[in-house]
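J.: Sequence:
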Amino acid sequence: MLGKLNATDRSSRALIGLGLAIVLFFAVNIFSNTAFKSMQLDLTADKLFTLSEGTIRVLASLDESVDIRLFFSRALGDRSPDNARYHNRVRELLLQYAEIAGGKIRLTFENPEPFTNSEDQAVAFGLKGIPVNDAGDQGFFGLAATNSTDDQVIIPFFATERETFLEYDLTKMMQQLVNPTQKTVGLLSTIPIAGGYVPEFGTTQRWPVVERIMEFFLIMPLPTEIREVPEEVDILMLVHPVGLKPHTMYAIDQFMLRGGKALAFVDPVAEAEAASIRKQGFRPRGSDFNKILESWGVRMVPGRVAADLDAARRVNVRQGAQIKVADYIAWLSLTEQNFDTSDVVTGDMSLLNVASAGVLELVEDADLKVTPLIKSGQRSQRIDALKIRNGADVLALFRDFRPEDQDLILAARATGRGASAFPEGPPLDRAALGPRAATAQQKSTHLNKAKDPMTAIVIADVDMLHQRFWLEINESMGQRVMVPNANNGDLVINALDYLSGSDALIGLRARGKSSRPFTLVQEIRKEAEQHFSDKETQLQEKLVGAQNRLNELMSREADQSDSILQNNQKRALDESRTEIVGIRTELRDVQHALRKDIERLDSWMKFLNIAAIPLLLGIATLIFTVVGRMRRRVRVMASRLVAETEAAR
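Residues 1386 to 2034 (my numbering) make up the sequence shown, in order.
Since the hints were derived computationally from the structure, they do not count as laboratory data. Do not take every clue at face value.
Claimed, not checked - Taking lysine-lysine and the BS3-like style, the derived pairs with C-alpha atoms no more than 25 Å apart in a straight line are:
#	residue 1	residue 2
1	Lys1709	Lys1772
2	Lys1557	Lys1630
3	Lys1754	Lys1834
4	Lys1676	Lys1836
Stated by the list, open to error - Listed next, with one range per pair, are the computed distances between beta-carbon atoms:
#	residue 1	residue 2	range
5	Glu1438	Asp1536	22 to 28 Å
6	Glu1484	Val1408	28 to 34 Å
7	Arg1853	Gln1704	21 to 27 Å
Where is the CB? At the ideal position from N, CA and C, for every residue including glycine.
Based on the provided sequences and hints, a complete structural model is requested.
T.: The following block contains the structure:
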């Protein structure tokens, strides 16, 4: 009787314990969902779900509500798993943005099905639709964002090619809504990078780097002859300053002494100029801007190009009738070791392509502080610019290379209060102004010393701005997609952001893709394909041979009548047809076996990813439970033994 009561009591305790465990399970889940909702642990290799500091600063600066509508057609996801996966990534990132913004971002997720208001809205916003079926229905995957003053930014279509730049694109969109008033960049360039018609160049298209700048700044093209930098200009961008008039140089000088900011691209051999100008036999020129640069504490070594053996790009070179691959020591692919990783302008750079870049030197006893930003490697040499300007012999340059065992400065920043490059005053244009007016202007407006600290970033390469060195332009879904393959454009934006006083976008660089294929599975699949490929190739060759024999026999049959067609020819014809059928059957068996092996591998991987972990946890729990019960039994038996021993005493 007592045993039955003990058994009943144990059963009741077990049921109560099970009930408490279930209640505790739900309680812990509810508590964790509320208490730890904002906490995350990002274990991905590329930190896909960890937002950059720049993004957090932009979101924290929101002082008004922003409405974001994400349009994604489910039909598009059914048709394209890549787009469905990418949509999940975009959605998750937007939810993170909304959470950090503290209620300032209102998210709406739309499924624009055909003939619905949602589809009408997508079309009205200007989103890009693509056909998803034979009926011509459109699928959408884009975004529209608006602020309280009706400023609008859209992403017409989320191309998977730009997945690595997703955070950058979204944060750029947010900054455009937060700061709709853009800074003005005055662009003074002797190469028509802003596009338009220029007599010596003809009609030219705007360079993609200018389009990139226009996403963040207003651009004011300036003529190459100016007497004063307009007051509207916040940052002066100088591209290949060569042959500038003295009064233009003086205008730049005085702009900087008033606390101006400048981004200057100089070059001993501007290959992009020769590629743009339409003159037979034109040779690229070198920038002649040292008069101004030296007042900033830096100068470009005249007639010298930086060559680097370790950073040399591999290019195809014709030698006679052969094409060789050689190291072009004047075209450099610079990596992290070449950048000042502690500086906000270059700290997150990973690859920069330059061509025939110049060498910068620091001016002794300069008033400004000069900080090198980009350097070549130790195995570098200053080579004669004429060897590049007159047509580079890539193999000869490599053969004659002699390292100087020192790094060379390719880009630098100058900050501080400098002195004028025109200590005696402005270059007087008495013919234009008259003697008295010129003298009065010299006395009244000239600054010989900086009123406020100036900042200048000097980069000794112009060619890096050209798209051939940093950009791939592809067509995707009827849309032109520009995919950067180097950080050249990022460097320009970084520098302008720094000079504009905004570093919010600095640090937002390419991240990994959320699609992480199983590389081991791919290797095993390749081995399986290789295992069957030899047999398949043999069968394909046999099939072609049998088909050729059959065609030959059939042509003979067409030339001869049935009465004179020999029996052995008919037999050969039948045998050839039978052989072809047999080969095709065997070939199908080989292909089926290959698919079966791959499907078996995929099934195992699915099992390991879906069922293996729960099974292991279940087995571990079972072992833990059994061991616990055995320990309890041992303790009970030991206590009984002790009790019996004491009772016997």
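J.: Run every hint past the structure and note whether it holds.
T.: Tested hints:
1. A threshold of 25 Å between alpha carbons decides the hint, and for Lys1709 with Lys1772 the separation of about 20 Å falls inside it, so the pair holds.
2. For the proposed pair Lys1557 and Lys1630, the alpha carbon gap of about 38 Å is over 25 Å, so the pair is violated.
3. For the given pair, Lys1754 sits about 15 Å from Lys1834 by alpha-carbon distance, which is consistent with the 25 Å threshold.
4. Of the supplied pair hints, the one linking Lys1676 and Lys1836 holds, its CA atoms being roughly 20 Å apart against a limit of 25 Å.
5. For Glu1438 paired with Asp1536, a C-beta distance near 25 Å keeps the hint of 22 to 28 Å intact.
6. The hint said 28 to 34 Å for the Cβ distance between Glu1484 and Val1408, and at roughly 29 Å that hint holds.
7. Taken as a hint, the range 21 to 27 Å holds for the pair Arg1853 and Gln1704, whose Cβ atoms sit roughly 23 Å apart.
In this structure, the one hint that does not hold is number 2.
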